[in-house]
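Q: Now for the letters of each chain:
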Amino acid sequence: MSVGVVGGPHHFKWRSYLWLVASTIVLTIVIAEISVSQVSLAVPGRGLIGEIAAATLDTLRRLLAGLFVGITAGSLLGTAMGAVPILDRLLSPPIHALRQVPLFGWIPLIGLWAGLGEPSKVTFVALAVAYVMVLSAHEAIRSISPRLTEVSRALGLDPLTKLRVLVIPSVTPALLAGVRIALAAGWSAVVGAEILMAAAPGLGALIWGAREVGRPEIVVAGSVVVGVLGALSNAGLRSFEQRVLHRYYR
Amino acid sequence: MTTKSQPLDAVARLGQVATWLASPVLLLVLWWWLTERELVPIQILVPPHEVFETARAMLADGELEEAALASLFRVLAGFASGAACGVAFGTLVAVSPRLDRYAGPLFYAFAQMPAVAWAPIAILLLGIGEEFKVAVIGLAVFVPVTIGTQEAIRGIPQRYLEVAAALALPAGLRFRRVLLPATLPRIVGGLRIGLSKGWMVLVFAELFCANVGLGHLMDVGRTQFQMDLVLTAVLVTGGLGFAMDRMLLRFERFGSGRAAA
Amino acid sequence: MIAASIELNGVNKSFALNGERIDALRSIDLFARPGEFVCVVGASGCGKSTLLRLILGLDHADAGRVSIDGKPVTAPGPDRGIVFQDHRLFPWLTVSENIALALHASDWDASERRRRVREHIDLVGLGRFGDALPDQISGGMAQRAAIARALVAGPKVLLLDEPLGALDALTRHYLQDELLRVWQAERPTVIMVTHDIDEAVYLGDRVIVMSSRPGRIKKSIDIDLERPRRRDDLRLAALRNEILSLFDWSAIAQQ
Chain A
1 MSVGVVGGPH HFKWRSYLWL VASTIVLTIV IAEISVSQVS LAVPGRGLIG EIAAATLDTL
61 RRLLAGLFVG ITAGSLLGTA MGAVPILDRL LSPPIHALRQ VPLFGWIPLI GLWAGLGEPS
121 KVTFVALAVA YVMVLSAHEA IRSISPRLTE VSRALGLDPL TKLRVLVIPS VTPALLAGVR
181 IALAAGWSAV VGAEILMAAA PGLGALIWGA REVGRPEIVV AGSVVVGVLG ALSNAGLRSF
241 EQRVLHRYYR
Chain B
1 MTTKSQPLDA VARLGQVATW LASPVLLLVL WWWLTERELV PIQILVPPHE VFETARAMLA
61 DGELEEAALA SLFRVLAGFA SGAACGVAFG TLVAVSPRLD RYAGPLFYAF AQMPAVAWAP
121 IAILLLGIGE EFKVAVIGLA VFVPVTIGTQ EAIRGIPQRY LEVAAALALP AGLRFRRVLL
181 PATLPRIVGG LRIGLSKGWM VLVFAELFCA NVGLGHLMDV GRTQFQMDLV LTAVLVTGGL
241 GFAMDRMLLR FERFGSGRAA A
Chain C
1 MIAASIELNG VNKSFALNGE RIDALRSIDL FARPGEFVCV VGASGCGKST LLRLILGLDH
61 ADAGRVSIDG KPVTAPGPDR GIVFQDHRLF PWLTVSENIA LALHASDWDA SERRRRVREH
121 IDLVGLGRFG DALPDQISGG MAQRAAIARA LVAGPKVLLL DEPLGALDAL TRHYLQDELL
181 RVWQAERPTV IMVTHDIDEA VYLGDRVIVM SSRPGRIKKS IDIDLERPRR RDDLRLAALR
241 NEILSLFDWS AIAQQ
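Residue numbers (my numbering), protein chains in the order written: chain A, 1 to 250; chain B, 1 to 261; chain C, 1 to 255.
Next up, chain A with everything else stripped away, as it sits in the complex (with noise of 0.2 Å):
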């Protein structure tokens, strides 16, 4: 299958990282004009630097956290859904119903639940990306092939050798790949959740904070932070992404 650049950045060369410099910068200031035009006072603060780097770093404290209890807890479940049949019969159901829901509605109801706090931010993203990870997990048990299976019990394989070269080859391009759109939801969710959920530090809630008291231009330099960290995640994923695969499928 052929995917070209939209699809990713595999094939990039020298020339498109400089168009995506350039290209990014010039968007950036058309923009911040545009913006800065339509609001008048913007004079930049002192600490713009600071302020932007420490709300990052809150942001990022939070994205850890959920990606963690939500990629272990999605996981689990996805596993055992896609290994125990009785357990996918039983919870698929529920599951795929409550996927309707819209990610933002479950906002209103995890604050009438436990608040608008810390813990309910992080609930929030942890739910956001186990909603991903179930299906990938689910998905990535279910991409183990029967044929190779009985192939592992004619050799008579163990336990172990059979994890090794069965198992574990065969669902981690799944899962990495549920990893990595998982994060991108993790960015929605947290972002998100720092401009629903006030009173709290954060990318969003600067981005949001700034945009109520007229700074514009932390309002772009806020954006373009999130974005930027976006790519570059994703980006970083991907070649650790494929640098594993590579190890299987040299």
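Don't take each hint at face value.
Okay, the calculated beta carbon distance ranges per label pair [to be verified]: (1) A:Leu245 to C:Asp122: 23 to 33 Å; (2) B:Leu169 to A:Trp113: 55 to 65 Å; (3) B:Val212 to A:Glu118: 28 to 38 Å; (4) A:Thr72 to B:Leu76: 37 to 47 Å; (5) A:Ser143 to B:Pro157: 15 to 25 Å.
Read the hints as simulated data drawn from the structure, not as lab findings.
We put the beta carbon where it would ideally sit given N, CA and C, even for glycine.
Keeping the supplied structure of chain A fixed, place chains B and C upon it in accordance with the hints.
A: Frame of chain A, contents of chains B and C only:
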């Protein structure tokens, strides 16, 4: 794909309906059981009949209808514009490798940005009215539709094109019988992802700035500690999203069925 | 290596398919002498593959007895090797890693294992391709690797489930002779399921013809021809015609 409706299909169809119904029914029963037995306190989960009462009251005074229509309008407007742009742009980058090389990286960076992070910038540019909501939904729809369209067109098996060329099919027939059925599934796949992203962003936008809409209802419910209101809005949102998703699926079947017939 | 005898006594096996009960095998009695090359032919769906799965221990008979050298079969073991129609090599392991996998439970030490893998790669003529991945070699070569994997642990019984069915005619002819060479080198007892009657009479000491639904043994025909055989031997043609005449063509047309 089988589109022919035989009497034998009726049983299968009934089974399908049953599988659809199974999940909501199961969830409802669980919900009812949990609240009826007071296994969870009422502040955490209100009983289903209370939500039903609220929904009926809101339906009677038109409040629910107003909110649902407002939300539906925003989603439809955003979806239509985002999908149209996505199909057009996706086709362009699929057909022109040169455009893909130049626009690809920027699009890729753009796609990385969570759709919700566009909201503050969009508010700066467009103000806090309808335009901004439609625009952010459109952006959220645009990204997956572009990717789906590009992959769909790139993924047309060469051998089909060769058969079409060997049969010297005229352009119209080639489009209807070869190109459309070969690309529709993946394009619709992109549209479906786009639609669910669109609903997600809609709820997000309405939660923090709207005077009307399902997300606004959820926010009101949260601030006034009315869980029945929140759940009503959540259920209606989920139901509408589900129905629209089904319509897209039907569209795909109709499209490829017509083309294959 | 000492080959083993294979014995099936009154074996029945049925399973449910789409709610319908299918008699895959009914009252099967079969005895294969140690070192014998037995070919099983029959129309598709006659339970030939089920037969192999029972001998391998992947499935269990509903009734009757399956034994190797008089010992009942309960589970797969290193005394039996199998080659499927599709090579079923692990796509992420090299040819030699795939072959070595069959030695995971053997008593041999690492160097002896390496030696055996090497030896069997050479035996099937894959000398230069030990480090290749399955995707990088042709279908015929992959199937040879699968044969090496089935043989490397020194099984007494080699089960072949239409191993050459998916290959082109030239490769198939070539690999038939390779199979004979390998069999003569290691002398396991072979049960080969095939739908190619020419292949069966060319390779087998004996050809067993099965009918389908229920899967029964219709006839066992000894191929008393000296080896090496010639493909253009008129006696082979006569045997083939005899076997063909046993098939119920109206039933085959229905399928």
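Q: Determine for every hint whether it applies to the structure shown.
A: Evaluated hints:
1. A:Leu245 to C:Asp122: 23 to 33 Å: Once the Cβ atoms are compared, 32 Å apart, the range 23 to 33 Å for Asp122 of chain C and Leu245 of chain A holds.
2. B:Leu169 to A:Trp113: 55 to 65 Å: Distance hint for Leu169 of chain B, Trp113 of chain A holds at roughly 59 Å.
3. B:Val212 to A:Glu118: 28 to 38 Å: 32 Å, holds
4. A:Thr72 to B:Leu76: 37 to 47 Å: 38 Å, holds
5. A:Ser143 to B:Pro157: 15 to 25 Å: 22 Å, holds
In the structure shown, no violation is registered for any of the earlier numbered hints.
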